[in-house]
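Q: Could you build all of it, start to finish, from the sequences and the hints given here?
Protein chains: 4
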Amino acid sequence: MIQCLRLLNVKPLCGVSGCGESSEEESSPRDKLQRNSKGLADFCIKNIDQADFGRREIEVAQQEMPALMNLRKRAEEEKPLSGAKVVGCTHITAQTAVLIETLVALGAQCRWVACNIFSTQNAVAAAVVEGGVPVFAWKGESEDDFWWCIDRSVCADAWQPNMILDDGGDLTHWIYKKYPSLLKRIRGIVEESVTGVFRLYQLSKAGKLCVPAMNVNDSVTKQKFDNLYCCRESILDGLKRTTDVMFGGKQVLVCGYGEVGKGCCSALKALGAVVYVTEVDPICALQACMDGFRVLKLSEVIRQADMVITCTGNKNVVVREHLDRMKNGCIVCNMGHSNTEIDLVSLHTSELKWERVRPQVDHIIWPDGKRIVLLAEGRLLNLSCSTVPSFVLSITATTQALALIELFNAPEGRYKQDVYLLPKKMDEYVASLHLATFDAHLSELSDDQAKYLGISKNGPFKPSYYRSANTHTHTHTHTHTHTNAGLSNCF
Amino acid sequence: MIQCLRLLNVKPLCGVSGCGESSEEESSPRDKLQRNSKGLADFCIKNIDQADFGRREIEVAQQEMPALMNLRKRAEEEKPLSGAKVVGCTHITAQTAVLIETLVALGAQCRWVACNIFSTQNAVAAAVVEGGVPVFAWKGESEDDFWWCIDRSVCADAWQPNMILDDGGDLTHWIYKKYPSLLKRIRGIVEESVTGVFRLYQLSKAGKLCVPAMNVNDSVTKQKFDNLYCCRESILDGLKRTTDVMFGGKQVLVCGYGEVGKGCCSALKALGAVVYVTEVDPICALQACMDGFRVLKLSEVIRQADMVITCTGNKNVVVREHLDRMKNGCIVCNMGHSNTEIDLVSLHTSELKWERVRPQVDHIIWPDGKRIVLLAEGRLLNLSCSTVPSFVLSITATTQALALIELFNAPEGRYKQDVYLLPKKMDEYVASLHLATFDAHLSELSDDQAKYLGISKNGPFKPSYYRSANTHTHTHTHTHTHTNAGLSNCF
Amino acid sequence: MIQCLRLLNVKPLCGVSGCGESSEEESSPRDKLQRNSKGLADFCIKNIDQADFGRREIEVAQQEMPALMNLRKRAEEEKPLSGAKVVGCTHITAQTAVLIETLVALGAQCRWVACNIFSTQNAVAAAVVEGGVPVFAWKGESEDDFWWCIDRSVCADAWQPNMILDDGGDLTHWIYKKYPSLLKRIRGIVEESVTGVFRLYQLSKAGKLCVPAMNVNDSVTKQKFDNLYCCRESILDGLKRTTDVMFGGKQVLVCGYGEVGKGCCSALKALGAVVYVTEVDPICALQACMDGFRVLKLSEVIRQADMVITCTGNKNVVVREHLDRMKNGCIVCNMGHSNTEIDLVSLHTSELKWERVRPQVDHIIWPDGKRIVLLAEGRLLNLSCSTVPSFVLSITATTQALALIELFNAPEGRYKQDVYLLPKKMDEYVASLHLATFDAHLSELSDDQAKYLGISKNGPFKPSYYRSANTHTHTHTHTHTHTNAGLSNCF
Amino acid sequence: MIQCLRLLNVKPLCGVSGCGESSEEESSPRDKLQRNSKGLADFCIKNIDQADFGRREIEVAQQEMPALMNLRKRAEEEKPLSGAKVVGCTHITAQTAVLIETLVALGAQCRWVACNIFSTQNAVAAAVVEGGVPVFAWKGESEDDFWWCIDRSVCADAWQPNMILDDGGDLTHWIYKKYPSLLKRIRGIVEESVTGVFRLYQLSKAGKLCVPAMNVNDSVTKQKFDNLYCCRESILDGLKRTTDVMFGGKQVLVCGYGEVGKGCCSALKALGAVVYVTEVDPICALQACMDGFRVLKLSEVIRQADMVITCTGNKNVVVREHLDRMKNGCIVCNMGHSNTEIDLVSLHTSELKWERVRPQVDHIIWPDGKRIVLLAEGRLLNLSCSTVPSFVLSITATTQALALIELFNAPEGRYKQDVYLLPKKMDEYVASLHLATFDAHLSELSDDQAKYLGISKNGPFKPSYYRSANTHTHTHTHTHTHTNAGLSNCF
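Chains as they are written, first to last, in UniProt numbering: chain A, 1 to 491; chain B, 1 to 491; chain C, 1 to 491; chain D, 1 to 491.
Don't take every hint at face value.
Identical chains blur together in the list; that is why a pair holds if it fits in one copy or across any two.
[As the list claims (entries may be wrong)] Straight-line C-alpha distance at most 25 Å; calculated DSS-like pairs for lysine-lysine:
#1 LYS327 <-> LYS73
#2 LYS85 <-> LYS73
#3 LYS32 <-> LYS297
#4 LYS297 <-> LYS269
#5 LYS208 <-> LYS38
#6 LYS327 <-> LYS297
#7 LYS457 <-> LYS297
#8 LYS425 <-> LYS327
FYI, nobody ran anything at the bench for these hints, they're computed from the structure.
Computed from a predicted model, the values in this text were never measured in an experiment.
A: Okay, here's the thing in structure tokens:
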């Protein structure tokens with residue numbers, strides 16, 4: 001996966017979600033004693049008084065996360081997480097709040113902490129605390145705060161976690177290091193991020209993984225939504241919010257035609273841009289051709305581009321030499337991978353002047369007056385300058401909830417101390433829970449048809465090995481190689 | 001024309017352009033004496049100190065308005081407006097600043113005033129003043145301020161206008177009423193808005209128009225860009241900035257398939273929405289069908305719509321009965337005409353609760369808890385919640401500049417005391433000035449080919465009557481009636 | 001109008017409609033006495049025995065011409081053409097057969113003749129005769145036959161026409177020349193073609209038009225369908241049937257971005273081609289840009305084009321110099337205007353070898369072995385190599401039927417001896433009759449809304465001058481000049 | 001794979017390729033002694049005299065098969081198939097002729113036979129024979145002829161095959177049964193079809209596969225092209241050639257949203273149809289939603305459909321109950337799997353009347369007069385009624401050629417007696433050979449970038465397990481399950 005969606009809720013530009021939290025005081029939340037309206041004091045957040053505003057944001061998010069709401073309804077009586085004590089470490093946003101409160105509705109006791117020092121929506125944290133879940137997180141933590149919060153989330157009087165929901169692996173890491181004895185009680189780890197999954201595979205390889213773990217990152221549904229569809233939605237949004245640029249007739253150069261590139265190209269073409277593609281992989285290049293895009297080398301079209309968008313997952317795709325040849329006003333941004341795709345170092349030289357014209361928008365000015373418009377300092381555009389639809393996050397969140405339920409309720413022996421992909425059938429179940437949003441009605445196989453196809457009437461409808469590879473994108477091979485190895489164990 | 005673009009620069013939601021002007025003081029600009037760096041005091045704006053920030057916004061706008069910049073270059077020596085004294089009344093935004101400064105570059109002396117009490121970008125006004133042009137305008141004028149400013153813009157020591165550039169007709173009205181003697185010196189009026197043009201035709205009809213006037217509103221290029229293309233760009237932007245909604249798979253109901261509706265439908269379909277259309281005109285309905293949209297009555301699809309967008313130019317298109325039947329979470333907004341399309345009165349009743357969840361976003365809550373998401377209180381969505389590309393405004397601004405040049409330089413007798421459309425050839429010239437942006441290269445007719453077609457090599461390439469009617473949209477007939485008066489002979 | 005749709009039924013390539021008529025005998029139909037099953041001998045066609053096959057083709061066409069079928073139902077009792085004696089001169093195809101038989105169902109007596117010596121579908125002619133309508137036409141008439149047939153269609157014992165339905169003006173011309181006395185009885189002429197309309201305007205200009213005439217060619221609905229939508233459908237079909245070419249990834253050069261060019265570009269882009277446009281008119285060029293096409297000169301992209309399609313209405317658009325620079329295998333065809341757009345003369349030189357590889361497909365071979373693939377010898381591609389949907393023809397045919405009804409029933413004095421466009425309201429009625437095909441449901445204006453818009457609840461919904469100019473295409477100005485004569489007053 | 005492209009060259013409708021072979025004599029080719037111009041008599045085809053016409057068709061095909069032509073050039077000196085004796089059993093069409101002659105150019109000796117009794121293009125067979133390759137095939141063989149030809153192709157004086165190129169497995173089967181001793185000399189089998197591959201896996205499972213075999217069917221490139229892109233091209237073509245139907249505004253129901261369904265939906269939507277989808281798999285259904293299609297049950301939309309297209313790979317998807325409820329004129333066709341998807345049996349009942357209105361087009365007439373238009377009797381539409389672009393076939397043919405080269409030249413021990421997929425890198429090589437067609441220019445990784453990604457600069461760029469699963473379609477699991485097992489052996 002190229003796009004690191006776990007960070008996508010940061011909305012520095014328009015700051016809609018920040019409206020309730022503008023007057024950030026100086027004192028550290030750690031120095032402050034607060035209580036929610038029911039007297040709970042076991043939490044540490046910015047300001048419990050922002051709970052009302054946060055509740056409103058959560059309610060807005062609920063509307064676009066019908067699968068979780070659906071899950072709440074279905075499981076109201078059953079309480080499949082009854083007895084589960086979940087410690088969670090994720091971004092703390094309206095959407096994760098919907099997840100947390102769903103877990104609670106399903107019977108779980110939760111404690112929560114942020115996986116990122118900047119991304120916490122303080123008002124949402126307040127609302128979750130007001131709802132009764134201890135949260136340890138605020139926007140703008142220090143490194144020290146970060147680990148202090150994680151520590152506090154794990155340890156509580158008379159409460160020990162038996163499930164871990166992690167995003168990035170820091171919580172898992174801390175428990176391994178600080179509270180190894182807890183691991184005996186842990187019935188499973190659910191991990192969402194590329195990095196966290198990679199760490200788990202390393203543990204497994206080293207024979208040190210002592211808990212079953214579920215790799216949520218590589219589910220089919222998540223892959224398609226986090227990349228192709230999400231980028232189709234967010235590329236236009238990110239460019240508009242930062243530059244108000246008109247798309248019609250503009251010449252756009254998209255570097256990379258994996259899922260992210262496909263999503264960007266499709267949206268830009270649809271709005272009337274003339275799109276060029278660069279590729280290194282001949283198969284992706286052939287797809288780009290057949291989809292109606294000219295495939296050229298960066299150097300061949302760089303002079304005429306109005307926008308350059310990197311989506312390769314590689315490094316130094318756009319370098320100084322290219323930037324030197326771009327025309328005045330060219331917009332440069334990155335939808336791909338961390339902040340390596342554009343060679344920023346080459347732009348921090350004395351002859352170039354940087355001018356911040358808007359938040360997240362820098363003009364880099366050449367000696368001859370030429371200006372290049374750099375967005376988000378080369379970091380992920382949609383992380384920085386657009387929002388990601390709650391619906392997309394809903395798919396990941398639902399997968400996480402189902403993974404927790406599966407691991408918590410699995411009979412002894414179904415899962416060993418290894419990394420697993422969510423069973424195909426659950427992947428299909430997550431998808432089916434989201435169909436109601438579109439008022440989509442599935443057809444059903446007759447007995448006869450199922451027999452003809454040699455599959456069960458209720459799915460899975462595709463073989464299990466489809467899951468990790470339905471896309472043809474730039475992915476680090478190691479995560480998958482290992483994954484597939486694990487598969488042979490589980491099914 | 002449905003879309004009233006002259007208001008489109010208001011950006012209350014994201015307020016990017018407002019960054020430099022947040023600390024609005026209490027005292028009225030009328031009570032304040034200010035001077036620009038060259039000592040000029042003949043102006044009245046919020047704060048001259050914001051000039052630097054405004055200049056930056058103007059520079060950003062210049063990049064997307066190449067035709068005006070081009071005009072500056074071409075006319076550097078010629079100065080076709082040398083001797084022109086232009087009093088202008090428009091929105092005061094970065095884009096109009098580019099226009100004003102182009103007129104100055106072409107030789108004109110200008111004085112400027114706002115046509116709207118809310119839309120002035122204070123920092124831009126400051127930059128224009130710093131550049132030497134007297135401006136009388138600030139954001140948040142009172143009614144009294146408004147006319148005071150207009151009055152101040154007209155009168156100056158030893159300066160009397162000989163050209164009027166108006167948007168809405170208020171300036172023209174004021175001069176007619178207060179300074180009729182000035183009209184003798186006025187060589188022409190250039191008017192952009194539907195309303196202003198209508199007023200001019202009424203004057204003409206009544207035999208009271210004593211100055212040649214140019215109707216800029218109905219030029220082909222403007223019509224296409226202000227409606228079809230501009231709405232294609234802004235509908236997605238407006239919806240995203242307010243609601244972060246995902247478009248893929250959503251069922252959207254677009255009321256009206258004129259140019260505005262066509263633009264909206266095209267963009268939404270391209271992003272994966274399922275779009276339904278309502279229409280009253282069978283020809284537009286047939287176009288919608290052929291373009292792949294189901295044409296149904298509002299009542300037939302209202303229950304399943306995720307979004308309802310009005311683009312009819314009519315009133316009470318969406319009424320309480322429809323709103324009662326919408327599903328929870330349905331987004332309702334208006335791209336059409338002022339704020340009449342949604343019956344807002346029916347929503348201000350005691351049993352419905354209004355809740356403002358974000359700027360420009362209200363939840364209207366039914367007794368059973370159903371929430372309808374109303375954007376911009378039913379006013380134009382893109383006026384309130386998105387920006388309009390500078391490029392689109394560039395076309396209008398260029399047309400205005402050319403109209404001024406034409407009227408100012410026309411030989412005696414070419415224009416009488418009537419309302420004119422810009423000659424076809426100038427319309428084509430405006431278009432040609434914008435082709436460079438797209439690096440588009442026009443072909444040229446050979447002598448032989450021109451002869452074959454019976455036209456001049458240099459255009460106009462289409463008959464003049466094409467100009468006002470290349471679209472099949474909802475337009476008030478009166479503006480056109482005059483233009484095509486001859487038609488009444490034929491039928 | 002560029003596309004001459006009246007010729008489009010010729011299907012020489014696939015010859016589906018020719019299946020029943022393969023064994024063409026030698027003897028002329030003029031030498032043969034035939035009778036239909038009811039004893040009628042007053043006709044002259046190829047072979048009455050083909051009637052069954054022709055009837056099947058007519059039945060197929062009826063399915064796609066619901067408006068005419070609808071008209072039959074509605075008018076069953078009313079018989080608005082009762083007393084009408086229509087002499088018609090059109091292509092004789094399954095679709096015109098549906099028109100003829102509709103006129104009969106509405107009460108008219110008809111006699112029919114072909115407007116083209118090649119386009120008659122013999123079997124269809126037989127079926128129409130078997131149905132009781134005298135037809136004088138066969139495929140492959142000589143010039144002499146052509147006029148003989150026209151003469152026979154006009155004159156019959158005790159039968160004199162009082163209405164003319166013409167396509168091209170030859171019938172009208174013949175009556176003017178040979179039977180001027182008949183004109184006194186004629187209540188109206190309905191003319192479909194550009195050429196025929198032009199002739200009528202000339203007559204009118206010369207003061208010689210002594211009958212009211214209806215110009216069907218310039219109705220809004222016909223313009224949109226015959227050009228934009230029809231070309232969108234037929235460009236792919238014509239290319240596939242002749243060359244089996246794959247569209248995905250191919251570089252296509254479309255010359256001209258009027259309605260025909262727009263239709264071609266839209267379809268080709270949708271199927272994955274990379275499309276370039278050439279234009280002489282800056283307004284059309286700007287539209288092409290905004291729609292996502294690079295606008296370049298022919299010479300700039302000629303080397304890389306896989307296909308070149310002319311849609312300009314001009315002559316010598318593609319000349320030898322361009323052809324010399326095309327790459328091997330480049331496909332060249334014309335969707336525009338007669339056969340002038342490609343300079344064929346320059347290809348008939350001794351150093352180039354022509355090789356017919358399939359019907360309508362020639363390879364032109366350069367001395368170095370390069371092959372250019374020329375389709376339909378530069379004549380209209382969709383005339384020669386594809387079919388036009390019956391639905392499109394249905395719109396024209398319905399308009400013709402309504403024009404006949406209008407002229408036949410109009411009260412004394414409504415129409416003078418001039419050329420008229422179909423009233424706007426009828427244009428809208430034609431459209432509305434076709435909506436049922438799409439199961440489209442029109443909305444209706446409330447009294448209040450109609451009043452607000454200042455129009456009638458039942459239309460017309462747009463001002464009448466919209467009709468002739470809703471497109472921005474390459475059209476010969478003369479046909480319109482008359483219609484909008486009044487315009488010359490304004491400027 | 002659903003689409004069985006190996007049959008796609010049959011062109012019964014338009015019969016372009018049949019032009020040279022219309023006068024089919026009565027006598028069996030087996031009774032006739034013919035010689036080519038060089039005296040060769042070791043062949044059995046319809047008529048050697050048609051060679052010239054066939055050669056022209058081959059030359060046309062060559063233009064769209066640049067990869068093979070490229071391969072010829074590159075390998076001119078190297079002759080990598082020198083010493084190879086290939087017996088091939090495929091459809092005999094212009095495109096396979098290009099493949100055969102490429103193998104010869106690479107050094108192979110070939111003998112060829114048809115894999116289907118109907119699909120041979122007689123003229124092409126003649127041209128191949130005239131070129132020196134013995135062919136045993138004609139259009140309209142009997143069952144007995146079929147096996148007689150196969151037998152003749154295998155056995156020749158002093159010639160024994162050492163490579164097999166098969167399509168369907170009949171040739172392989174015959175050698176296994178009749179000439180098992182030959183298998184010792186065979187260095188490899190290359191098999192293209194689903195069926196043939198399935199047979200090979202069965203042999204392998206049973207321990208009876210005694211030769212390395214290459215599964216060409218499941219290469220990434222072939223999958224994408226044969227399904228998604230090919231169906232996008234051919235669905236429109238097939239419908240137009242048979243019914244001349246207009247797509248704009250038509251309501252189309254596509255059953256199944258795998259690769260085939262995706263291709264069909266994309267093309268139809270692009271041409272203005274309103275498309276509905278049915279699905280059983282929630283993941284595919286969710287994709288359809290996000291792509292803008294309503295997902296409904298067949299029974300919910302059957303009444304309003306103008307066309308119903310099956311793409312499921314399942315059986316009895318459209319049954320009598322559905323057909324009874326369709327509206328008059330509804331077109332029904334199959335793009336999916338053999339002829340099982342539409343329940344034809346239910347239509348062969350006494351109360352329904354069948355009427356053949358055109359080749360491949362039947363009207364089925366209900367007692368009340370309703371007509372359903374059934375295409376190709378429910379067999380694959382594009383097999384029967386359209387052509388498949390040579391370019392698509394080029395990809396398969398190139399893959400076959402490379403597979404032959406690989407197996408023939410592989411060092412002892414690289415391939416065991418098992419079924420293999422083409423190495424990923426070769427898949428990429430096939431793709432790269434086709435990029436020239438699009439004038440596409442690949443970018444190259446720098447050493448640094450390759451290191452960063454952990455891959456080789458020259459590919460493969462994706463992990464090998466990507467190959468068989470880049471699509472999410474309805475595929476029989478067995479072919480893949482086994483395939484993947486095989487994979488673990490080879491890489």
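Q: Which of the numbered hints are not met once you compare them with the structure shown?
A: 3, 5 and 8
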